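A.B. asks: Listed here are the chains, written in short residue letters.
Number of protein chains: 4
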Amino acid sequence: MTPSTATIDTPDATLRARIQDSFDRSGLLRHLGARLGEVVPGRVHIHLPYGPGLTQHLGYFHAGSTTTIADTAGGFAALTLAPPNHTVLSVEFKINLLAPAQGESLEAIGEVVRAGRTLTIVQIDVHALNADKRTPVALMQQTIINLPESS
Amino acid sequence: MTPSTATIDTPDATLRARIQDSFDRSGLLRHLGARLGEVVPGRVHIHLPYGPGLTQHLGYFHAGSTTTIADTAGGFAALTLAPPNHTVLSVEFKINLLAPAQGESLEAIGEVVRAGRTLTIVQIDVHALNADKRTPVALMQQTIINLPESS
Amino acid sequence: MTPSTATIDTPDATLRARIQDSFDRSGLLRHLGARLGEVVPGRVHIHLPYGPGLTQHLGYFHAGSTTTIADTAGGFAALTLAPPNHTVLSVEFKINLLAPAQGESLEAIGEVVRAGRTLTIVQIDVHALNADKRTPVALMQQTIINLPESS
Amino acid sequence: MTPSTATIDTPDATLRARIQDSFDRSGLLRHLGARLGEVVPGRVHIHLPYGPGLTQHLGYFHAGSTTTIADTAGGFAALTLAPPNHTVLSVEFKINLLAPAQGESLEAIGEVVRAGRTLTIVQIDVHALNADKRTPVALMQQTIINLPESS
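Protein chains in written order, with my numbering: chain A, 82 to 232; chain B, 82 to 232; chain C, 82 to 232; chain D, 82 to 232.
In short, the hints are calculated from the structure, not lab data. Check the hints yourself; a few may be wrong.
[Said to hold, decoys possible] Heads up, simulated SDA-like pairs for lysine to any residue below, C-alpha to C-alpha not over 20 Å straight-line:
(1) C/Lys214 <-> C/Gln183
(2) A/Lys214 <-> A/His167
(3) D/Lys214 <-> D/His128
(4) C/Lys214 <-> B/Val194
(5) C/Lys214 <-> C/Ser186
(6) A/Lys214 <-> D/Val194
(7) A/Lys214 <-> D/Arg195
(8) B/Lys214 <-> C/Val194
(9) D/Lys214 <-> D/Glu185
(10) C/Lys214 <-> C/Gly132
(11) D/Lys214 <-> A/Arg195
(12) D/Lys214 <-> D/Ala180
(13) A/Lys214 <-> A/His128
(14) D/Lys214 <-> A/Val194
(15) C/Lys214 <-> C/Ile190
(16) B/Lys214 <-> B/Ile190
(17) C/Lys214 <-> B/Arg195
(18) B/Lys214 <-> B/Gln183
(19) B/Lys214 <-> C/Ser186
(20) C/Lys214 <-> C/Pro130
(21) B/Lys214 <-> B/His128
(22) D/Lys214 <-> D/Gly108
(23) C/Lys214 <-> C/Glu185
The structure displayed is predicted, hence computed values, not measured ones.
Generate the whole structure from the sequences, applying the supplied hints.
C.D. replies: Below, the structure is given as structure tokens:
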């Protein structure tokens with residue numbers, strides 16, 4: 082889980098900057114305290130440190146918290162492969178909650194399964210992190226649409 | 082399916098109190114400003130007034146906000162029909178995002194499709210509200226499991 | 082949403098003829114013995130009489146049989162609202178199997194939830210029919226894409 | 082993609098025999114000409130050679146054919162890890178159709194993601210095979226329930 086080692090002049094740095102910019106304009110991601118992790122073509126990681134504003138009634142991460150970072154990781158993974166001057170939108174997704182989401186943080190990893198001209202299919206794994214232990218807590222399958230950016 | 086005119090001594094008031102209690106213990110729902118609406122056996126409404134902490138990069142409600150109240154409305158709808166001394170957990174759900182979630186507030190309405198002994202299937206509609214206009218923005222199909230409450 | 086009393090010169094008859102033609106060219110639908118039912122703009126019914134070639138190991142309709150007619154009813158419902166000179170393709174669907182699919186026949190009813198320029202969202206109910214009893218056996222939520230017909 | 086090398090006295094042979102028996106009692110799988118492939122704990126392969134009774138209107142495999150073997154591979158994968166004296170039932174699944182299912186045969190591979198006491202989550206890949214080329218055509222995420230066998 083090394084941070085992106087891209088520096089300012091590389092294509093990867095440009096890619097990351099584009100995604101960080103979109104990330105920073107999302108009020109929900111800031112409000113929840115999510116952070117952008119690794120960004121490479123076809124794969125994006127999102128981190129979510131535990132906090133009292135993220136929980137369900139038993140004190141675990143709420144499915145809404147888990148789903149938010151899964152959907153975000155998937156959408157950004159699709160964005161890394163979108164045609165130039167296109168943005169992306171979630172069409173739909175399905176998530177299985179595999180185990181209680183209990184830990185110091187969650188990490189969602191979105192990986193593109195198939196990038197088409199119009200639609201991109203992404204798979205997202207979410208793990209709970211505790212010290213050095215990783216527990217799978219959710220699995221998402223997502224459909225993304227590429228849309229021309231309005232200028 | 083009577084409207085929620087229940088007062089303190091009716092079964093519906095007890096039902097609502099049980100769900101409000103669970104609602105109030107969820108840090109995420111408070112953090113997002115969600116509110117419990119109508120509660121009747123088999124159907125629960127959740128409201129989410131617009132705020133800057135709920136948005137995606139274009140200023141609409143983030144899919145994570147929409148999904149959080151849809152999942153919550155569905156889970157509570159299932160809880161209204163769960164066997165005594167059982168709690169509920171989302172097994173999985175699938176959501177289609179039908180239109181940009183733009184408005185003064187969102188309302189999610191969860192209705193039980195089939196309540197089984199172990200599993201309950203729920204369908205959830207989410208609308209965006211603007212003055213007196215309601216626009217459908219999402220449709221969810223959800224699977225809930227009934228679990229004995231640990232004493 | 083008029084009932085299918087269309088005769089040969091009406092738009093509804095043209096619509097039905099178009100769908101019947103596509104239906105008849107599907108080897109699987111013939112092989113399973115499926116039949117086209119009511120066709121109106123935004124809604125299509127498919128019937129599947131019981132037979133020994135449709136079953137799972139206990140003798141009920143196999144989930145594959147149920148899903149085939151649900152996917153078909155949904156795709157055709159979308160086709161009734163597709164732009165001229167477009168065909169449709171299933172992007173994805175999610176189905177909940179609500180009860181054992183046991184009966185003299187199955188009926189799948191696909192109804193369009195939202196018809197967009199590119200994507201159409203459809204909901205499909207499947208019932209098992211026994212004498213005069215209808216039992217809901219499956220619920221599907223489906224995403225369809227409109228594609229220009231190659232000439 | 083080696084065939085199961087299990088012989089008659091091994092646990093794997095017993096496992097395979099149990100699944101082959103269930104397979105053989107499904108009228109639909111016989112009617113479509115599906116064949117049981119590799120069987121190991123947590124993973125099952127199903128093959129479907131092309132035939133005119135499996136197609137949609139353009140002559141490709143119908144989504145119903147693809148889905149039938151995907152659901153079957155997933156259910157049997159779950160069955161390999163089910164508790165003794167339990168059978169399995171599909172609760173729900175979601176499938177993305179990634180590309181036209183065109184080829185000499187399809188192969189569905191179901192792999193268990195998480196085997197619980199009551200519910201098992203499975204992921205299924207379907208490929209189209211042409212000479213020595215494999216093309217991914219579908220991706221399914223499935224929820225299975227373990228049920229005590231009635232004696």
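A.B. asks: Decide, hint by hint, whether the structure agrees.
C.D. replies: The hints, checked one at a time:
no.	hint	result
1	C/Lys214 <-> C/Gln183	holds (11 Å)
2	A/Lys214 <-> A/His167	violated (38 Å)
3	D/Lys214 <-> D/His128	holds (15 Å)
4	C/Lys214 <-> B/Val194	holds (18 Å)
5	C/Lys214 <-> C/Ser186	holds (11 Å)
6	A/Lys214 <-> D/Val194	holds (18 Å)
7	A/Lys214 <-> D/Arg195	holds (17 Å)
8	B/Lys214 <-> C/Val194	holds (18 Å)
9	D/Lys214 <-> D/Glu185	holds (10 Å)
10	C/Lys214 <-> C/Gly132	holds (19 Å)
11	D/Lys214 <-> A/Arg195	holds (17 Å)
12	D/Lys214 <-> D/Ala180	holds (14 Å)
13	A/Lys214 <-> A/His128	holds (15 Å)
14	D/Lys214 <-> A/Val194	holds (18 Å)
15	C/Lys214 <-> C/Ile190	holds (16 Å)
16	B/Lys214 <-> B/Ile190	holds (16 Å)
17	C/Lys214 <-> B/Arg195	holds (17 Å)
18	B/Lys214 <-> B/Gln183	holds (11 Å)
19	B/Lys214 <-> C/Ser186	violated (41 Å)
20	C/Lys214 <-> C/Pro130	holds (15 Å)
21	B/Lys214 <-> B/His128	holds (15 Å)
22	D/Lys214 <-> D/Gly108	violated (30 Å)
23	C/Lys214 <-> C/Glu185	holds (10 Å)
Of the numbered hints listed earlier, those contradicted by the structure are 2, 19, 22.
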